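Visitor: Spelled out, the chains give:
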Amino acid sequence: MEFTARQISDLLQGTVDGDADVKVRGLSKIEEGKPGDLTFLANPKYTSYIYSTKASLVIVNKSFVPEHKIMPTLIRVENAYESFVHLLEIYNQIQKDKKGIEQPSFISDSAKLGLDCYIGAFAYVGNNARIGNNVKIYPQVYIGDNVIIGDNTTLFSGAKVYSDCVVGSNCTLHTGTVIGADGFGFTPNRENQYQKVAQIGNVIIEDHVEIGANSTIDRATLGSTIIRKGVKLDNLIQIAHNVEIGENTVIAAQTGVAGSTKIGKDCMIGGQVGIVGHITIADKVKIAAQSGIGASITAEGEIVQGSPAFNIGDYKRTYVVFRKLPLLEKRIKELEQMISDLRQITS
Amino acid sequence: MEFTARQISDLLQGTVDGDADVKVRGLSKIEEGKPGDLTFLANPKYTSYIYSTKASLVIVNKSFVPEHKIMPTLIRVENAYESFVHLLEIYNQIQKDKKGIEQPSFISDSAKLGLDCYIGAFAYVGNNARIGNNVKIYPQVYIGDNVIIGDNTTLFSGAKVYSDCVVGSNCTLHTGTVIGADGFGFTPNRENQYQKVAQIGNVIIEDHVEIGANSTIDRATLGSTIIRKGVKLDNLIQIAHNVEIGENTVIAAQTGVAGSTKIGKDCMIGGQVGIVGHITIADKVKIAAQSGIGASITAEGEIVQGSPAFNIGDYKRTYVVFRKLPLLEKRIKELEQMISDLRQITS
Amino acid sequence: MEFTARQISDLLQGTVDGDADVKVRGLSKIEEGKPGDLTFLANPKYTSYIYSTKASLVIVNKSFVPEHKIMPTLIRVENAYESFVHLLEIYNQIQKDKKGIEQPSFISDSAKLGLDCYIGAFAYVGNNARIGNNVKIYPQVYIGDNVIIGDNTTLFSGAKVYSDCVVGSNCTLHTGTVIGADGFGFTPNRENQYQKVAQIGNVIIEDHVEIGANSTIDRATLGSTIIRKGVKLDNLIQIAHNVEIGENTVIAAQTGVAGSTKIGKDCMIGGQVGIVGHITIADKVKIAAQSGIGASITAEGEIVQGSPAFNIGDYKRTYVVFRKLPLLEKRIKELEQMISDLRQITS
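Protein chains in written order, with the numbering used here: chain A, 433 to 779; chain B, 433 to 779; chain C, 433 to 779.
Hints in this document: simulated from the structure, not taken from any laboratory.
Treat the numbers as computed from the prediction; the structure is a model and nothing was measured.
Any given hint could turn out to be false.
[To be verified] List of simulated lysine-lysine pairs, DSBU-like, C-alpha gap at most 35 Å:
id : chain 1 : residue 1 : chain 2 : residue 2
1  : B       : K694      : C       : K544
2  : A       : K461      : C       : K718
3  : B       : K694      : B       : K661
4  : B       : K528      : B       : K466
5  : A       : K748      : C       : K697
6  : A       : K694      : B       : K765
7  : C       : K694      : A       : K494
8  : A       : K664      : C       : K494
9  : A       : K628      : B       : K664
10 : A       : K748      : B       : K756
[Claimed, not checked] Here are some of the chain B residues that sit facing chain C, going by a computed Cβ distance under 7 Å:
id : residue
11 : F618
12 : N621
13 : A727
14 : V753
In this text, a Cβ means the ideal position worked out from N, Cα and C, and glycines have one as well.
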């Protein structure tokens, strides 16, 4: 793919400053730009690079005034960062515009496929599955019986959805994501052998959800594990049975949420956090990485850290003293000596 | 599937109270019951729901005496919870009763399959593999050369078993589970380049073991990594080479056990726990979530927390003081001032 | 496979002590040796086993002088441990010497395969992919469009490489490894809905890298996530977008590295460590398991522990006092009482 500065400027509703016929083929960071690359300048601390970059075309803010001579052609727009992100998105869509059904794939006779789908080789679509329009099912994906997948959703290679689960529209499930494996439910008998409690619920994933590689979301014992609209989950995350995660909450990699916990909307949860089962986290709560949450958080917007976690400001102040503990012990020892001396004097 | 109250009552050896011909098609929680649903009442704190539930059929304890009028038909049994769990199990077995060999699948000519197996499309069964009776191998599963799988075991879509490993009977391996990848064994040379130590042992999984989604159990360098009878592992767990886990031990999600460690039987290990290599954990030990175990635990039934972990009661008492550290420091400062004042007075 | 003591001795350039015609078929630890097994004695603390082992053949150091009668044949070599590791490697290569293209597999017409490759059934090789010589692609592996794989690299069953990524030569990617899934990049809009930032960069893995089961390495937003020559990653590790890991660094299981962080060479990082984004870790740094790294580490060879981490010696001294905190509080209380008493006396 090759585009001229003019074509891109028209797409972004910008204005061209320099050679409008210069052609670009790739996207790069401004400090790594090569001839034929398109890049952008938004953060003022990168400004110096615009005088040295080898890129052929740079998107800049309308307001940008160069202080030295500039080699690349410029496209001036309202917001250079947003325009560049928009271009990334278009580039990505062109790159990943897969269509058609590759062979061999396995599509049950009772499954229903929407229009314009991509079904990669070795993908499996089970009985009575319903697949929306423009869904991309990459190679080696597994869609169990009775699964529903909404329009415009992408399942990358090897994503797996167990039977009876529901995935919304405009979702992205990355490779190795497992939706709907059995929740971890067992009851011990007298010999401490664990009897399985069958997990016959499902997982419901609403629209505009993205789930990272190798994350696991277990099906409910009864009812549904629910991931609300707009949730973004990173890689290697564990969501246990009957959990509910509120709208637009984002969770970083390797965090785990135990069974039946309900997390509010607009929360931001760091990486490697552990959250126990059967609690409630209020809306807009922020949890620092590696924290352990052992009880409900009821105050909206609370920010916590630690294992077990408490208010992040208090935690940071506490940790400052923690690092001085050997010194503190020494001061106590000295006090004890001084007191002992004083008591001898005053006795 | 549709059943009458009488059919279910017969199955559970219960007695019907109300319309014995009412038909049910699904299972639900009592607070979410819809017409056509079967539910149960066991925990007294849910009793109020039996007067408002829309479910058609409720399993209750024999001893239950309603205080108001009840709409649904009741089935009275010895233990409502156990009866319901039993129904879940039957429901689950009917739902997942897959049989036959889907095409295309790959079964080596030298592999042996038992009776009544399910082999999903795109599943791979390697040379000399021996598969027991009634084994369910879902689509995209990989069974390496010389692997042995016992009777009644289920491998969900995309589970992978490397060559030479052994899986017992009545086991469940969830999607993305990896059995028998190489242990992490390298020795540095003079230039600090790491030379691989070939891992030629295997993994042995005994009977009645369940392993969650995307967990990894590495093969031994020599000999075997061993998961004993009745062990239950949650999702995203790492078990390193030459580890042994004792009978009926349960481990929650995202925990990791380093190489050559031996864990006793009947242990309960929380989520996100880390256990170093080459140590021994006694029987019936309990480890709180996010703990780090850096040394052997020799006392049977010990309960520990922290990183590094120690007795859980001590840990909790310690953490209470930890949270007050800034205050403690202030008290020490005040003591120092008071002592200083006193010394001036007494000098 | 069966070999005589003489054949193995010739291979190792050793000398035979005993029956040179004795035949062996397997490798084992000295304490578990059975007739027909080959084992070794290197660590003096295992010496006693050489008098009781049932193994048929034992590799020993040249310098070994038995104190009692020995049943097995001995092979004397310069370094028994290194010779045995060398044999493990040969044994492993023979066991895993897969060749040829199994059917059905999917190889794009525009892909190029080197000589002597193994392509397992249900493996997928995308458009314009370039696969080197002697590459082993196990069943159900996914190689996206434009991917480059170097010579002698092995991808075990179900490893997945997204489009445009580059894997060097002599690498090993274990089952479930995901190379090149999208980095976790979103920007919130006014309604706190997160807009995806397209991730159009790639992952570059240099030569002699090994990556464990179910680890995930995200593609860069722009440019490349880079894993340098000789890096060894264990299982279930998360490497975020635009990270760079220096040569010969080793990382244990379940560790996570956030976006744009640069780790030096020859580092040793324990399991379950979390490292924040946008920082730099110097060469030869060691990080204890479960630590949290919240800021750059600039001193070469620094060893740290804790969350947040600091010098490991200081951490250990601090933790000793931490465990005594309830006692420390008691001592402060006593001091306060004593001071109060003293002030009354002196007032």
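Visitor: Could you grab the alpha-carbon distance between K694/C and K494/A and see if it respects the 35 Å cut-off?
Guide: holds (34 Å)
Visitor: So if I understand the rule, the pair passes when the alpha-carbon distance is 35 Å or less; does K628/A with K664/B pass?
Guide: The given pair, whose Cα atoms are some 10 Å apart, holds under the 35 Å limit.
Visitor: Are the Cα positions of K664/A and K494/C separated by 35 Å at most?
Guide: violated (61 Å)
Visitor: Are K694/B and K661/B close enough, with their CA atoms no more than 35 Å apart?
Guide: Within the cut-off at roughly 15 Å; holds.
Visitor: Check the hint pairing K748/A with K697/C against an upper bound of 35 Å on the C-alpha distance.
Guide: holds (31 Å)
Visitor: For the pair supplied as a hint, K528/B and K466/B, is the alpha-carbon distance within the 35 Å limit?
Guide: Status holds; Cα separation ~24 Å.
Visitor: Measuring from the C-beta of F618/B to each C-beta in chain C, is the shortest one below 7 Å?
Guide: holds (6 Å)
Visitor: If you draw a straight line from the CA of K461/A to the CA of K718/C, is it 35 Å or shorter?
Guide: Cα-Cα ~32 Å, so holds.
Visitor: Does N621/B meet its interface restraint, that is, does its C-beta lie within less than 7 Å of any C-beta in chain C?
Guide: Because about 10 Å separates N621/B from the closest Cβ in chain C, which is outside the 7 Å limit, the hint is violated.
Visitor: Identify whether the interface hint at V753/B stands, where standing means a beta carbon of chain C within less than 7 Å of its own.
Guide: holds (4 Å)
Visitor: Given the hinted pair K694/A and K765/B, is their Cα-Cα distance within 35 Å?
Guide: violated (43 Å)
Visitor: For the pair supplied as a hint, K748/A and K756/B, is the alpha-carbon distance within the 35 Å limit?
Guide: holds (12 Å)
In the structure shown, a violation is registered for the earlier hints numbered 1, 6, 8, 12 and 13, in ascending order.
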